[in-house]
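Participant: Here is how the chains run, residue by residue.
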Amino acid sequence: MIKKNNIWRYPLVILISIIYLIPIYVLVGISFKPQSDLSSYWKFPSSATLHNFLYAIEKGHIFTSIKNSIIITAFSIFLIVLIGAITSYPLARKNVKFTRFIRNFSLAIMMVPPLSILVPLYATLVDYHGINQYWGLVVTLLTFELPMSIFMFTNFIKAIPTALDEAAQIDGAGPTRTFYQIILPQLKPVTASVIILSGIHCWNDYQFSLYIMQKTSMKTITVAISSFFSQESSNLNAAAAAALIAILPVVIVFLALQQYFIKGMVDSAIK
Amino acid sequence: MYSFTIPAVILFIMFVIIPFSRGIFLSFTNWNGYSKSYRIVGLSNFIRLFTDQNVRRALINTLIYGIGSTLLQNIFGLAFAILLNKKFRGRDSARTVIYLPVMIAPLLMGYIMYFFFTLDGAINQLAFSTAKESIDWLANGKRGVVIMTLINSWQFVGISMVIYLAGLQGIPSMYYEAASLDGVHRWGLFKNITFPLLAPAINSAVVINLIGGLKLFDVIMALTKGGPGYDSHSLSTLVNRTYFGSENAGFASAIGLVAFILIMILSFITTNGLNRYQENMK
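From first to last, the protein sequence lines stand for chains H and E.
Residue 194 in numbering that gives the first Met the number 0 sits at position 195 of the first sequence, and the numbers go up by one each step.
Residue 254 in numbering that gives the first Met the number 0 sits at position 255 of the second sequence, and the numbers go up by one each step.
These aren't lab readings, by the way, just hints derived from the structure by calculation.
Be a bit skeptical, because a hint or two may be false.
[Stated by the list, open to error] Taking CB as the label site, the calculated pair distances span:
no.	chain 1	residue 1	chain 2	residue 2	range
1	H	P188	E	N139	45 to 51 Å
2	H	W134	E	S172	25 to 31 Å
3	E	I9	H	L37	55 to 61 Å
4	E	P227	H	L20	49 to 55 Å
5	H	S229	E	Q277	43 to 49 Å
6	E	N279	H	L163	34 to 40 Å
7	H	S233	E	P171	57 to 63 Å
8	H	F97	E	A178	45 to 51 Å
9	E	S245	H	N154	42 to 48 Å
[To be verified] Stretch by stretch, here's where chain E covers chain H in the computed footprint (C-beta under 8 Å, at least three residues):
no.	region
10	89–103
11	109–121
12	129–138
13	223–234
14	238–244
15	255–268
[As the list claims (entries may be wrong)] Simulated crosslink set (DSSO-like; lysine-lysine; CA at most 30 Å straight-line):
no.	chain 1	residue 1	chain 2	residue 2
16	H	K214	H	K58
17	H	K187	H	K262
18	E	K85	H	K262
19	E	K86	E	K190
20	H	K262	E	K86
21	H	K214	E	K190
22	H	K58	E	K224
23	H	K66	H	K42
24	E	K190	H	K262
25	H	K93	H	K262
26	H	K96	H	K157
27	E	K224	H	K214
28	E	K224	H	K66
29	H	K157	H	K262
Computed from a predicted structure; not experimentally measured.
Think of the CB as a built atom: it goes at the ideal place given N, C-alpha and C, for glycine as much as any other residue.
Using the sequences plus the hints, can you model the full thing?
Facilitator: Set out below in structure tokens:
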């Protein structure tokens with residue numbers, strides 16, 4: 000019965016895969032096409048050119064924005080992991096009103112759509128002088144990514160036997176030492192998942208970045224691409240090249256670390 | 000040990016509680032978003048909200064984006080998971096290919112799709128030989144909403160697929176073997192074993208997709224910016240437009256607040272309903 004199954008599977012799987020690969024194929028084709036080549040988007044350029052990429056890098060400030068995105072993503076990930084892990088330790092170990100409240104509050108933030116808070120958040124960041132500053136975007140991303148990190152770390156720490164904590168306490172270690180020496184070294188697998196998930200979210204963020212990073216020199220990659228698209232509406236080939244440059248790092252990292260990505264996704268979704 | 004929570008508590012107070020309370024206050028004012036002075040206008044922002052055609056349009060669109068994406072992503076996510084659960088050559092590559100778009104920024108996916116749906120884009124080049132017959136796909140608001148729901152579903156179906164694959168792997172194969180011995184047919188196996196045992200996975204996938212769909216912003220900004228007119232706005236893009244475009248921060252806060260309450264209620268009803276369903280299945 001299983002053998003028979005596989006025969007109809009193949010055409011279906013191939014068809015689905017083609018549907019998923021076509022957009023990438025078309026994007027690559029357009030970005031290598033000279034502007035004078037008006038042939039169909041479905042045809043790969045007969046004479047490929049790198050001109051679009053060079054133009055996008057120069058006019059679109061692509062490298063500056065990639066640098067900004069790397070700085071913001073790196074700092075955000077570091078803090079999301081660090082604060083997420085230390086907050087989760089008491090949340091996983093103590094089941095009292097206070098910790099339950101923090102957990103539920105944190106879960107509620109996951110559901111808050113950025114739109115409902117963007118206006119006052121922007122106004123508040125203006126007061127704190129956090130607009131067009133790395134830290135302004137980093138603390139915003141941190142605040143809204145922290146709940147996912149807390150959720151994943153808390154679930155993971157709960158599964159670590161408390162006997163280990165108790166043994167350390169009998170040996171005279173306080174909670175801080177117990178955390179750093181007993182708990183922290185065991186968190187590697189879940190940390191990998193948190194890094195990957197929050198990293199993708201920070202790198203791909205547009206809604207917060209659009210508000211907070213408005214100055215050209217501070218734009219992140221998504222904001223830079225979006226202004227490049229509106230400014231180059233007549234030169235779509237260069238716009239395609241810019242989009243391709245922006246998605247390339249993520250695609251490469253994903254293909255290299257696939258299993259971790261998928262494991263992280265599952266960990267974050269299922270209790 | 001409780002002191003470990005201090006950094007998180009400070010962040011939540013400074014960047015969630017304070018802005019949120021401020022948002023409630025601003026929604027009763029006519030603040031324009033930058034000047035120092037504003038007046039308290041009472042309930043007029045809220046009254047306007049319930050009569051404003053653009054708000055109503057955006058609300059309906061948000062529900063279409065949210066519920067439409069949730070349905071499509073769960074149906075196709077489950078179908079793909081069942082298709083790609085059994086081992087065969089090329090299975091892992093197919094999973095990778097379907098999951099790949101999840102990694103790409105939704106904004107950039109919107110721009111990639113622009114090359115397909117624009118007037119002289121890939122779809123028209125494929126289907127229509129002369130410009131005369133070409134369809135400007137995004138020039139119609141309703142059609143735009145459907146297209147963007149499809150794009151969002153297509154891009155993020157991999158999340159549901161992965162959740163369902165994890166769920167399917169958690170079902171012991173002996174259940175199927177026992178039922179097959181009893182002569183249960185394929186549809187019976189699906190209805191009586193697969194579907195009930197997937198309840199936790201369905202729960203997770205539905206909630207994640209619903210929240211994602213109701214927040215839709217990036218794809219709309221890339222493709223239509225809410226246009227033509229106000230026809231394809233979601234509440235997210237409408238807040239953006241009202242704040243920065245019309246410089247009406249008070250009204251934008253009110254929209255944000257009402258959207259927040261609606262989305263919370265909708266998520267709450269969904270989670271509760273799904274939990275009850277999951278309990279019944281036990």
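Participant: A separate judgement is required for each hint: does it hold in the structure or not?
Facilitator: Hint check:
1. H:P188 <-> E:N139: 45 to 51 Å: For N139 (chain E) against P188 (chain H), whose Cβ atoms are near 49 Å apart, the range 45 to 51 Å holds.
2. H:W134 <-> E:S172: 25 to 31 Å: violated, 52 Å
3. E:I9 <-> H:L37: 55 to 61 Å: Since I9 (chain E) and L37 (chain H) have Cβ atoms about 57 Å apart, the given range 55 to 61 Å holds.
4. E:P227 <-> H:L20: 49 to 55 Å: violated, 31 Å
5. H:S229 <-> E:Q277: 43 to 49 Å: holds, 46 Å
6. E:N279 <-> H:L163: 34 to 40 Å: About 38 Å separates the Cβ atoms of N279 (chain E) and L163 (chain H), which means 34 to 40 Å holds.
7. H:S233 <-> E:P171: 57 to 63 Å: holds, 60 Å
8. H:F97 <-> E:A178: 45 to 51 Å: Holds, since F97 (chain H) and A178 (chain E) (Cβ atoms, about 48 Å apart) stay within the stated range.
9. E:S245 <-> H:N154: 42 to 48 Å: holds, 44 Å
10. 89–103: That given contact holds, which follows from 7 residues of the region 89–103 of chain H lying within Cβ reach (below 8 Å) of chain E.
11. 109–121: holds (count 13)
12. 129–138: violated (count 1)
13. 223–234: holds (count 3)
14. 238–244: holds (count 3)
15. 255–268: Satisfied; 6 residues make the cut.
16. H:K214 <-> H:K58: holds, 15 Å
17. H:K187 <-> H:K262: Measuring from Cα to Cα gives roughly 13 Å; hence the hint holds.
18. E:K85 <-> H:K262: holds, 19 Å
19. E:K86 <-> E:K190: holds, 22 Å
20. H:K262 <-> E:K86: holds, 19 Å
21. H:K214 <-> E:K190: Cα-Cα ~56 Å, so violated.
22. H:K58 <-> E:K224: holds, 23 Å
23. H:K66 <-> H:K42: violated, 34 Å
24. E:K190 <-> H:K262: Measuring from Cα to Cα gives roughly 27 Å; hence the hint holds.
25. H:K93 <-> H:K262: Status holds; Cα separation ~27 Å.
26. H:K96 <-> H:K157: Holds, at roughly 17 Å.
27. E:K224 <-> H:K214: Holds - the C-alpha atoms of K214 (chain H) and K224 (chain E) are around 21 Å apart, at most 30 Å.
28. E:K224 <-> H:K66: holds, 27 Å
29. H:K157 <-> H:K262: holds, 18 Å
Going down the numbered hints, you'll see the structure goes against 2, 4, 12, 21 and 23, while the others check out.
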